[in-house]
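Chains as they are written, first to last, in my numbering: chain D, 1 to 271; chain L, 1 to 450; chain Z, 1 to 307.
These are calculated hints, taken from the structure and not from any lab test.
Do not rely on the hints blindly, as some may be mistaken.
What the hints assert, rightly or not - Calculated cross-link-like contacts (lysine-lysine; reagent style DSSO-like; alpha-carbon spacing at most 27 Å): (1) Lys-198/Z x Lys-431/L; (2) Lys-209/L x Lys-191/L; (3) Lys-186/L x Lys-403/L; (4) Lys-198/Z x Lys-3/D; (5) Lys-211/L x Lys-186/L; (6) Lys-86/L x Lys-52/L; (7) Lys-314/L x Lys-264/L; (8) Lys-264/L x Lys-383/L; (9) Lys-259/D x Lys-198/Z.
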Amino acid sequence: MTKRELWVTNACLTIAVVFALAPVVGIVLVALQVTSPGGGITSLTNLTLHNFSTAWAQGYMSDSLRSSAIIVAISVPTATLCCTLAGYAFGTMRWPGRGPLLGLFVFALMIPIEGTLIPIYFIWRDVGIVDTYWAVILTEVGYSMPFGVFWLSQAFRGVPRELLEAARIDRASTWQTFRLVAGPMCMPAITTLAALQFMWVWNDFLMPLVMISSQGRLTATVSLSFFQGEYVVNYTALAAASVIVALPVVTAYIFLQRKFIAGFASGAVKA
Amino acid sequence: MRHRMSLFSLTAASVLMLVPLILVPSVSASPSRAQAASAPAAQGACANMPSKPITLTYWDATGLYLSDQGAATLDKEFMAKYPNVKVVRVPKAFATITSTERLAASGPNAPDVLVTNGGYVLLGPLVQAGLVLPLNKWAAGSGWNTRFTPPVLDQFRFASDGSQWGVGSLYALPAGASFIGLYYNKTLLSKLGLQVPTTWAQFMSSLSKAKQAGIVPLAAGVQDGWPVVHMYTSLQDDITPTSQINAFEFHSAHATFNTSQNLKAAKLAVQLVKDGYYSPNFLGQTSGAAIAQFAAGKALYYIQGTYFAGPIYKGLGNNAGMTIVPPMAGSPYSVTGGPGLGYAISSKSANPQVAACFIDFRTGPQAATLYVGEGGLPAMNYKYTGSSTFIKSMFGAWARASKSLVPYLDFATPNLLTVLTSEIEELLGSKITPNQFVQQVEQAYTQFTP
Amino acid sequence: MNGEVALARSKRRAKAGAHGEPRLLAFAYIAPALLALTVVLLVPLGITVWLSLEHWAGVGHMTWAGLANYRVLLHDSFVNAAVKNALRLTIFYSVFPIVIGFLIASALARVNARLRTPLRALLFLPATIAPVVVAVGWRLIYTPATGLLDQVLRGIGLSSLSQDWLGSFNLALPSTGVVATWIEYGLVMVLFLAGIQKIPDELYDAARIDGAGHWAELWHVTLPGLRNELMVAIVVTVIASFRNFDLVYNLTSGGPGTATDVPVLEVYRRAFQYGDVGSGAALGVTIVALIAVITLVALAITRRWLR
Chain D
1 MTKRELWVTN ACLTIAVVFA LAPVVGIVLV ALQVTSPGGG ITSLTNLTLH
51 NFSTAWAQGY MSDSLRSSAI IVAISVPTAT LCCTLAGYAF GTMRWPGRGP
101 LLGLFVFALM IPIEGTLIPI YFIWRDVGIV DTYWAVILTE VGYSMPFGVF
151 WLSQAFRGVP RELLEAARID RASTWQTFRL VAGPMCMPAI TTLAALQFMW
201 VWNDFLMPLV MISSQGRLTA TVSLSFFQGE YVVNYTALAA ASVIVALPVV
251 TAYIFLQRKF IAGFASGAVK A
Chain L
1 MRHRMSLFSL TAASVLMLVP LILVPSVSAS PSRAQAASAP AAQGACANMP
51 SKPITLTYWD ATGLYLSDQG AATLDKEFMA KYPNVKVVRV PKAFATITST
101 ERLAASGPNA PDVLVTNGGY VLLGPLVQAG LVLPLNKWAA GSGWNTRFTP
151 PVLDQFRFAS DGSQWGVGSL YALPAGASFI GLYYNKTLLS KLGLQVPTTW
201 AQFMSSLSKA KQAGIVPLAA GVQDGWPVVH MYTSLQDDIT PTSQINAFEF
251 HSAHATFNTS QNLKAAKLAV QLVKDGYYSP NFLGQTSGAA IAQFAAGKAL
301 YYIQGTYFAG PIYKGLGNNA GMTIVPPMAG SPYSVTGGPG LGYAISSKSA
351 NPQVAACFID FRTGPQAATL YVGEGGLPAM NYKYTGSSTF IKSMFGAWAR
401 ASKSLVPYLD FATPNLLTVL TSEIEELLGS KITPNQFVQQ VEQAYTQFTP
Chain Z
1 MNGEVALARS KRRAKAGAHG EPRLLAFAYI APALLALTVV LLVPLGITVW
51 LSLEHWAGVG HMTWAGLANY RVLLHDSFVN AAVKNALRLT IFYSVFPIVI
101 GFLIASALAR VNARLRTPLR ALLFLPATIA PVVVAVGWRL IYTPATGLLD
151 QVLRGIGLSS LSQDWLGSFN LALPSTGVVA TWIEYGLVMV LFLAGIQKIP
201 DELYDAARID GAGHWAELWH VTLPGLRNEL MVAIVVTVIA SFRNFDLVYN
251 LTSGGPGTAT DVPVLEVYRR AFQYGDVGSG AALGVTIVAL IAVITLVALA
301 ITRRWLR
């Protein structure tokens, strides 16, 4: 690389990093301000953590974070399990109709929820689970199927044939082969999927907005939106609330960023 | 082709047969018609209360009326009076009540008491589906007809087939009320050598004086959408008789938006913007920012609802006052306002009388006093005996307003809030002419038939 | 092992499937996922199409509408504005992120590996933040006169550039678009970076031998090598440009006027606020069709261009 190319590269990257991080740093700073009558930064040195406790109390955050946590805790393992089992079957077995069925999941990758949200709401309403966590949980599991099954079917396809054959020769059942051979081999992909699903479920907004209306059960994202809509403008508390809501996923991302990125590099798309 | 449908049974069938559409007789949403009230006359709502243990659930909208603590206090007081009754409050965000209450009211676990505003979005459908009980049976005996002024009660009347608002039986009682008035800053007024304006001419001259002195004449912030509606309706009200606006709201015969007053108001609105009388960047800043601006003493006036009184009083104290927007000389006028959300009794309630007694309590003097203490305006005819000049001025304005009250303009059709918000923004931003504005609103209005 | 047993075993194997398990077992493994997919995505898709042909308020009876809902949408000024805005927003959701993502990815590919990983992580961060949080944060940033953006402009002496970012009829959509680009470019960057690392070094060496400079390399080696990734990027970003409810609802609510109204916002309003489920469903079907058409057109153009 010539010196000039180096300079261009560095300049490009610096601008990019500033573009990416300045808004984040800015909002965090607003959240730390002692006072922000106009929504800007009044001081870079006089900072406080007080706004976080204000946001916590006024934004009903203990309720909403708990709601999101419950929803994630149930839907992510469930969805991951469903996708793992299906991925194993699609990836390691062959039977008539396998191709078209897998194609169905891939096709479903293209379905935007605008085409499905309305009926799903009324279906759950008829079942009687609207305004409960189940409406959100079951829908999130469904939404995770297209990408999850596709992604894991690719992963399981990568398990070497010889290993599967060897297990068969050893008289292992399908389940044992899964549990002892294929599953462990695909653990990295499975955990990547779980990480992505955690992010998608936690960050979801429109569907939980429609499904849940009771104050105590709103998810973190919906609660933040309502907090923003309240009459009295408290910029610092709002910024603090935003940070709190974003924190779980961002924290997971910081520790697992390779996994997240590996998933997205393969074109991760949520329904 | 009319048919009822249960989407769940539809899904089950589809999944089994892998064929999308099958028509199945419905299991859901079979409303029972409300029982006709034929009780003996003049029975008070709290007379002869049952003594067995009862649980009473009521829906409540958060952030629009009492604080959570205030509601909890009132619930406790009611339960102390009737120890066999357990009151359970179900707080909901109002944005979601519109889409979920009709469904909840028709389901198996309907609450005893529903919360609703007037109009065709919530109350009309509830009445039409027979999901709420008429309150006539207890009204006389409990004194409800004199507790509120007629315009306040009218907003909770509906024809029993849900076809017309504003007439017929009474279906809900409100606890709080609001109206759109003129907040003023006393310090700034005296600084400019002005009195509280009582005529339109005085008002206009005070605006220009403030502008010349470098003070923002009218605080405004509408990035959050709905607040912009009042930038128009406050002017419309000032020159329009209540009969015309009520006809529009209640879809009386020949009701139309295409009137000379509405056109004149649109032109006036544009003029005020052009004269620079509103906060700069009012389209891009929220109402919260406008409130903050006014409460910090940076603007002379703020035309908005009493629901913003809390933070304004907090910021300016008795330095602030409230009056109605001064009418134009010799012109009939209206004031936008009315009851806040009202409590209605579900026709599926097992204890309608207990529900009626609860509603009576929550809209009565004890609840009103607590609400006033929180800075609110009660819907009932209330005599304020405190010492705050701000609150006194608010009640004084309310007394005048409630004689010429008209409902919030967007109640007239289900999508009118969105339409008005968008159209008024475009009007004030000079993207459409006053003529286009009137025509476009009229078009949206005529597309709806109750 | 004698031949007969071996033959019998291989026959059994052939009957049961190439790997020897019964077909039914495969379905057992797939059943939960298939059930979830069908109930939550496939059947509702079909029901949406059907609901679009009905008049329904969400409670009570339905009446047949035929194509009436679609006709109403065609003339509705809000829907027309929303569709126009959606098309404009694809520039911010697709074109800009692809260009920016490509440039950043090629820059990152030249950086040494130890620096690349943390840089990549930092640059991808915006894509992980919940869109609601992004909207709330950027709305603060865009607050006129006193918000962070205007504050920074004042600080660097460019206060004349201060605008009513979200209140101006002309700027509201581009301002929203900038946020969209901020969210989307990371995904494209990551896609392209992975793709670049698969391009064989020999191709770059050959280009250098032919005297190609930096930009020529990008154009003749890198870009064609990213053909597949580009297709995926197009599909993913076009879909994202229609799935912007979280952002628009919380940033501008579609205003001022209809300057930032988007189709999915109109779907929500119709189905859940106006009590007009039929027209909401019709608009939903329209959106699905629009996404399909735009994606196919974009892919076709790209395929031809990268021939």
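Now the hints, each set against the structure:
no. : hint                  : in the structure
1   : Lys-198/Z x Lys-431/L : violated, 52 Å
2   : Lys-209/L x Lys-191/L : holds, 11 Å
3   : Lys-186/L x Lys-403/L : holds, 26 Å
4   : Lys-198/Z x Lys-3/D   : holds, 25 Å
5   : Lys-211/L x Lys-186/L : holds, 16 Å
6   : Lys-86/L x Lys-52/L   : holds, 11 Å
7   : Lys-314/L x Lys-264/L : violated, 36 Å
8   : Lys-264/L x Lys-383/L : violated, 37 Å
9   : Lys-259/D x Lys-198/Z : holds, 19 Å
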